[in-house]
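Colleague: We have chain A; now place chain B onto it with these hints.
Number of protein chains: 2
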Amino acid sequence: MKKPIIAISREFGSGGRMIGESVAKKLGLTVYDKTLIEMVAEKGGYSADFVEENDQRLTKSLLFQIAVTGSLPPWLAKDAGAAEGLIGKSVFSAQSEVIKDLAEKCGCVIIGRCAGHILKDDPNCLSVFIGAETEDKIDRCVKEYGFTPAAAAGEIKRRDSERAEHYNHHTGKMWGNAANYHICLNSSVFGIGGCVDLIVEAYNKLVSNK
Amino acid sequence: MKKPIIAISREFGSGGRMIGESVAKKLGLTVYDKTLIEMVAEKGGYSADFVEENDQRLTKSLLFQIAVTGSLPPWLAKDAGAAEGLIGKSVFSAQSEVIKDLAEKCGCVIIGRCAGHILKDDPNCLSVFIGAETEDKIDRCVKEYGFTPAAAAGEIKRRDSERAEHYNHHTGKMWGNAANYHICLNSSVFGIGGCVDLIVEAYNKLVSNK
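Quick mapping for you: the protein sequence lines, in order, are chains A and B. For the first sequence, the numbering used here assigns the number 1 to the initial residue and increments by one for each residue that follows. For the second sequence, the numbering used here assigns the number 1001 to the initial residue and increments by one for each residue that follows.
Calculated directly from the structure, the hints in this document are not laboratory data. Here the structure is a predicted model, which is why all the values come from computation and not from measurement. Among these hints, one or two may not hold up.
Said to hold, decoys possible - Simulated DEER-style distance windows between Cβ atoms:
| hint | chain 1 | residue 1 | chain 2 | residue 2 | range |
| --- | --- | --- | --- | --- | --- |
| 1 | A | 142 | B | 1135 | 40 to 48 Å |
| 2 | A | 93 | B | 1106 | 48 to 56 Å |
| 3 | A | 158 | B | 1200 | 36 to 44 Å |
| 4 | A | 172 | B | 1139 | 23 to 31 Å |
| 5 | B | 1162 | A | 151 | 24 to 32 Å |
| 6 | A | 149 | B | 1035 | 39 to 47 Å |
| 7 | A | 93 | B | 1002 | 45 to 53 Å |
| 8 | B | 1158 | A | 172 | 20 to 28 Å |
| 9 | B | 1033 | A | 209 | 19 to 27 Å |
What the hints assert, rightly or not - Partial chain A-side listing against chain B, Cβ under 7 Å, derived:
| hint | residue |
| --- | --- |
| 10 | 186 |
| 11 | 201 |
| 12 | 205 |
| 13 | 209 |
As the list claims (entries may be wrong) - Pulled from the structure, derived: some chain B residues nowhere near chain A, Cβ distances all over 12 Å:
| hint | residue |
| --- | --- |
| 14 | 1129 |
| 15 | 1146 |
| 16 | 1178 |
Yeah, the Cβ is synthetic: ideal placement off N, Cα and C, and Gly gets one too.
Isolated chain A (complex conformation) (with noise of 0.2 Å):
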């Protein structure tokens, strides 16, 4: 029998990530979200820093702009290489290569990336998005990342303005729209280990149901 794959998105915050490492613990599956980066990296040939800095910035706009004025924004003019390589292969499609791939051959918790999207013909992947309570999300950046609470606020808005663009752009669909997931959680009623709990016991359902 072919392995789990779950493909989680989260807002900033939410706990999506411990979730998503909970659930592999419990089902022996790899966490997949750096280092399926680096993996991008190694496979598109561009450095790991590149496509760690610039695979969020790739939006709309940015193509606008190389497609109406043919020149590239400094931040990506000074790396001439990877910019040939990004107009004759995105970073997205060489990441959803690399998903495919590892859904492929493995069972695993792929955080992030659009996996959900991108695997949404793998009848062996559940898709998953978490979200929580703003207090709770400013609560866990504050205990887990350090932020001031203003600052903690400010984070949470942009990273999640930054994700939604990100996957809005590369989908053609709305991120945290219901209908885009299999199951969608706020993990400041469940827990994180009622997410965990309701996660696997969600796959299950999908494996019986098929």
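Modeller: Frame of chain A; chain B shown alone:
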């Protein structure tokens, strides 16, 4: 211990009503939907037929028309008594009172009526959204409601757009956005029985996480 309140919002044809009825049966709760409308009618002084015909139509555009022209649209003008009641106390706020009364007095499953939003501060209320793949919704409408496939597709679009407009207008939030519910499930992925089990399990997690 206070009994569960399960508020279910759903796409037309997703099986949300059936899921709500099974959850109610499993937890020994009463289901409210049309019955609720009759209670509202009684409480608000409108006829049940009037409320049923108009409660989804009380949109911004209607209220705008009344405000700007000072006159009532033809479908409303024929019932002057009801129109007077509408201006004094909207159908929606009468429904909200009934829903809060119910949640205070007994455990129940409430289908539609923005109940999840109205009861958002009730710690015993689980707010659920049920969606499904388009082909499954069409299939259900054909089998259960006797539509042709083409008519079913149109009806799904019309009903969901009506529901979204009603919800967005009264709550100031977006219908179907994961952030507005505690758990969202795709019934095509988990099946009707799978969704019922996951909702019951989610309610148990909500209680144990308090």
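Colleague: Does each hint hold? Answer for all of them.
Modeller: Against the structure, the hints:
no. : hint                       : result
1   : 142/A - 1135/B: 40 to 48 Å : holds, 45 Å
2   : 93/A - 1106/B: 48 to 56 Å  : holds, 55 Å
3   : 158/A - 1200/B: 36 to 44 Å : holds, 38 Å
4   : 172/A - 1139/B: 23 to 31 Å : holds, 25 Å
5   : 1162/B - 151/A: 24 to 32 Å : violated, 42 Å
6   : 149/A - 1035/B: 39 to 47 Å : holds, 45 Å
7   : 93/A - 1002/B: 45 to 53 Å  : holds, 52 Å
8   : 1158/B - 172/A: 20 to 28 Å : holds, 23 Å
9   : 1033/B - 209/A: 19 to 27 Å : holds, 26 Å
10  : 186                        : holds, 5 Å
11  : 201                        : holds, 6 Å
12  : 205                        : holds, 4 Å
13  : 209                        : holds, 4 Å
14  : 1129                       : violated, 5 Å
15  : 1146                       : holds, 26 Å
16  : 1178                       : violated, 4 Å
Against the hints set out earlier in the document, violations occur for numbers 5, 14, 16.
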